[in-house]
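K.L.:
Under this note's numbering, the first residue of the sequence shown carries the number 1, and numbering increases by one thereafter.
Just so you know, these hints were derived from the structure itself, not from any lab. Some clues are possibly wrong.
As the list claims (entries may be wrong) - Derived pair list, reagent style DSBU-like, types lysine-lysine, alpha-carbon separation capped at 35 Å:
no. : residue 1 : residue 2
1   : 91        : 6
2   : 91        : 7
3   : 7         : 20
4   : 20        : 6
5   : 91        : 20
None of the values given here were measured: they were computed from a predicted structure.
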Amino acid sequence: MNNSIKKQIFGTVELLWSFKWYILPYIVFYFVLLSFYLSPSPKQYNIWINEVWFVYSQPLYLALTELTLIIFALLFLVGTSNMRNHPVLAKMIFLSSLFFCAVFLGII
């Protein structure tokens with residue numbers, strides 16, 4: 001029993017290690033979102049900042065950022081659960097963080 005647990009843990013660590021270059025940008029992106037949540041500013045809320053109807057409200061900003069953190073944490077779990085059976089889908093989920101980072105930082 002002890003050997004099977006060690007074998008399972010070693011297999012999981014080996015699988016995570018093979019996806020390290022896909023998971024690392026996702027974790028960096030999540031920390032960027034976390035920094036947005038910990039230091040709210042209207043400059044960071046630039047998705048709709050040029051719209052006429054845009055009004056910055058700190059409680060609304062914090063609620064939306066918290067919801068975004070929850071969504072991307074759940075998306076990370078979906079990606080890690082699909083690494084073994086659907087590796088292409090898992091890679092797409094992890095690499096989507098590069099696109100969303102560019103959107104949230106206002107590059108795109």
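K.L.:
With reference to the structure, classify each hint as holding or not holding.
P.N.:
Evaluated hints:
1. 91 / 6: holds (26 Å)
2. 91 / 7: Holds, at roughly 24 Å.
3. 7 / 20: Holds, at about 20 Å.
4. 20 / 6: At roughly 21 Å apart (the allowed maximum being 35 Å), residue 6 and residue 20 satisfy the hint.
5. 91 / 20: holds (10 Å)
In this structure, none of the earlier numbered hints is contradicted; all agree with it.
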